[in-house]
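Undergrad: These are the residues of each chain, in order.
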Amino acid sequence: MKVVTYRITLLEPTLVTALEGDPNSAVSYNYLPGSVLRGMFIGFEMRQNHGKELAITDDDVRRRFFSNNTRFLNGYLVVNNGVENERSLPTPRTWDKPKYPDPKVTEIKITDRALADEPQDKEKSETQQAEGQKAAGEGQGKTKNQGGKFVVFTKPGEEVKITEPERVINIHTMRNREKGRSFNAAKSGQATTGTNTNQQSENNGAIYRYEALAARQTFEARILCETDTDAEEDAKYFEALLKQYPRGVIGGARTAGYGRVQIQVINEEREELPKTNRKTVDVLDKNKKPQQFLAITLLSDVILRDANGQYSPDAETLHFTLTKALKKDAQEPIALPDFARVFKGETTIGGFNRKWGLPLPQVQALEMGSVFVIDVTNLDTDKQKLLDALVSLEQQGIGERRNEGFGRIAVGWQQNPTLKEFKQESQPENSTEKKNIAANLAGESQKVGQLMDNRIKRQITDREQLAKANELGFAGLPPTSQLNRLRQVVNTALLQLTATPNAYTEANGNKDENVIEKFFKEIDGKRAGKLFEAARIKSQKAADGKFKEVQKMQDWLDAQMKMSDKYAALRLVDAMLARAVKENNNG
Amino acid sequence: MTNLQLTIELKSDTTFGRGDGVAGLVDEEIEYDPKTGLPFVKGRTLKGLLVEECANIFYSLNAMGGLTKDLENAAQWLFGSGGSSLGDGGHLFVGPGQLPEDLRKVVEAKIAGKVADNERKYTPSDILESLTTIRRQTAVNETRDVPEDGSLRSSRVLLRDITLTAELDFDQDPNNIQLALLAASVASVRRAGSGRNRGRGRVEMTLRGDTVSFDQRLKGFATLVEKDNVTTTQQNNGEAAK
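Top to bottom, those sequences are chains A and B. Using my numbering, the first residue of the first sequence is number 1, and each one after it goes up by one. Using my numbering, the first residue of the second sequence is number 1001, and each one after it goes up by one.
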């Protein structure tokens, strides 16, 4: 078998829609389904043939795209395992971790219920649980299931990193296709051409939401080419296709803002799981008697039919399917023991066929992450023989639509009843970056960066000056009308300062006279001047609430206007006056 | 494969609405990346603007009797039609309109905390507020000439003189007619976003990355239309003479 490994980086949010959400929304899977990736490759093939349809009678085409000999596995999130970036796998549904971990505890323990020892008897287990909860503190006995996420091993068999892809929610408005905006033909009395029906016209303006995979994430997928004679040729064909088309579009809403991806072939040949190191696990039963368990984990959704040909996502059907598969290739039939423990989830699989322009029939399936445990303690035949036979099924997969990534299983992959969760250490800060945004840029970007720096600086100044003004006290304030008169002068100066670099100095006749000083000169000797004479500002508030310094308002204003930063000075004065006005109104 | 860039220069403050607001702060929020605070305009919005202008151009051409099958086919090729089957999709893929990549990378680094000693870290909120501001409007009662009760609305605007760039990808190389129509649709876009009739959203769009200049593409479209118009006029005159 030949394996083609490639990575898909999302350049835009990607919408690979699952069957969930309300009619006015689309919710994405948290992985890239193999069916979508298969469709992408078919698209590349068609582009290569200038848009012509695939020649279904061609043997190569049939083998590559329409048979189970070529399997397009799901694209799962790439996660760093501490050494390198690795394709993650679905977490088993049997993994639990504390919901509210004790902050003093540095190690977070994950318990695998599939391989945990059986409780000895009910009474004892309840006592132990109660004691455990009492010791751990209230609420700390609760656990949270880790199913539905993705995992890599940072230390094989010991430590894991669990993560899930980031998602983004966007809200959209339904619009008329031709006009490019919402338009109700019935209401406006105009006819529309094209395919817009009355129903669509009525729904124009409806709000709907897309929950998509966020951009800038990388997923890794595989193509398994199984045919004995043509596997190498097929693998080379897919690699060549990916090199010819390093960019593609997948999922829904692809022509406008969703689905653009960058694809990179990984040259090393990688298997889905390591071939070695699969084994049974020793587990104690309720009488402390040792048992040997073998866990079968579903690494993708599995579509199964029972003996009557009905879609049936249950343990019996899985057992039936595995037994049939084991009998098929074996010279001596190997009996598969019944499942001792079952942890399964069910899901509904759908899809869309763009050739037909119709949705695919929906079927029930076993959900990825489901775990089925076999008790091999009393197995007559060689346990290793059974393990090897089951491991060989990993390559083929089981069930239907295996060419689209369904039916992937792992046998004996879960081997530890407890694991540790990897804790990310905080990265040390890089102290070599230059200050400011604009300092690192050139051209148009620098212009925007400069704008950002100026505005951020201004906003910081505004907040700081407001905080300072809130610490001031007042006495003998003039009437509100006079305070607002001065405030008007200050605001005009602020507008000039922020408009253009020279507006402020030009407005003041290019003199080094500040506007406050000018104002007080104008009112000197007049009634307004006398009103301001009595005004006092108290500053330097102590812990007991008393102010250490009391100044005349004019003196305080003069001191502030001596600041080199004119903007900061005027902002402080403006904030002070606003507080003074409020004090007057309250007083 | 052809790859063009659509530049969107904001001539006035613009609101590319997100569809919701932030309670207590703003009624109409703009589209921005929550990780970095950098505003952008969705590809769907840009595509909608182009489709709308294409429809307007066709309406005018139709009125003059100059709308040809070639142009209709070009529109179908570029923008597709409703539906999800193979034949419905357009061949033009419009990416989001974003700030320059080098600026985005610098901002991401700043947000991630890569700053010098004693330097303040940036937050997405800082970045958003450095490129936008909040405008408030109210309706006025025409009879009493006072603000209508409960009509005060605030909306965030992206400041003018900022240029956004969107990638335009094609899965097949477009021909001259398709590119000419695209250029005409791009040049026709004058307003975008909310509050277009209230002074907001004045934009100027151009195409870059083409083998010929944008002006030449527009001239090509003008020639195309004139030629078709002359042909149609000649046909009409011929019919009238009969």
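Hints listed in this document are in silico derivations from the structure and should not be mistaken for laboratory results. One or more hints might be untrue.
Quick list of simulated restraints, FRET-style, between CB atoms [as the list claims (entries may be wrong)]: (1) A:Q488 / B:D1020: 48 to 56 Å; (2) B:D1020 / A:I56: 43 to 51 Å; (3) B:E1108 / A:N49: 37 to 45 Å; (4) B:E1142 / A:P23: 34 to 42 Å.
Derived pair list, reagent style SDA-like, types lysine to any residue, alpha-carbon separation capped at 20 Å [to be verified]: (5) A:K582 / A:F474; (6) B:K1105 / A:N440; (7) B:K1035 / A:R216; (8) A:K566 / A:A439; (9) A:K355 / B:T1163; (10) A:K383 / A:A335; (11) A:K52 / B:K1105; (12) A:K447 / B:V1022.
To give an idea of the chain A side of the interface with chain B (calculated C-beta under 10 Å), a few residues [claimed, not checked]: (13) E12; (14) Y29; (15) N170; (16) I207; (17) A215; (18) Q217; (19) L242; (20) G259; (21) I263; (22) V265.
Beta carbons: idealized from backbone N, C-alpha and C, even for Gly.
Undergrad: So which of the earlier hints does this model not fit?
TA: Those not satisfied are hints 1, 8, 9, 11, 12, 14, 18, 19, 21, 22.
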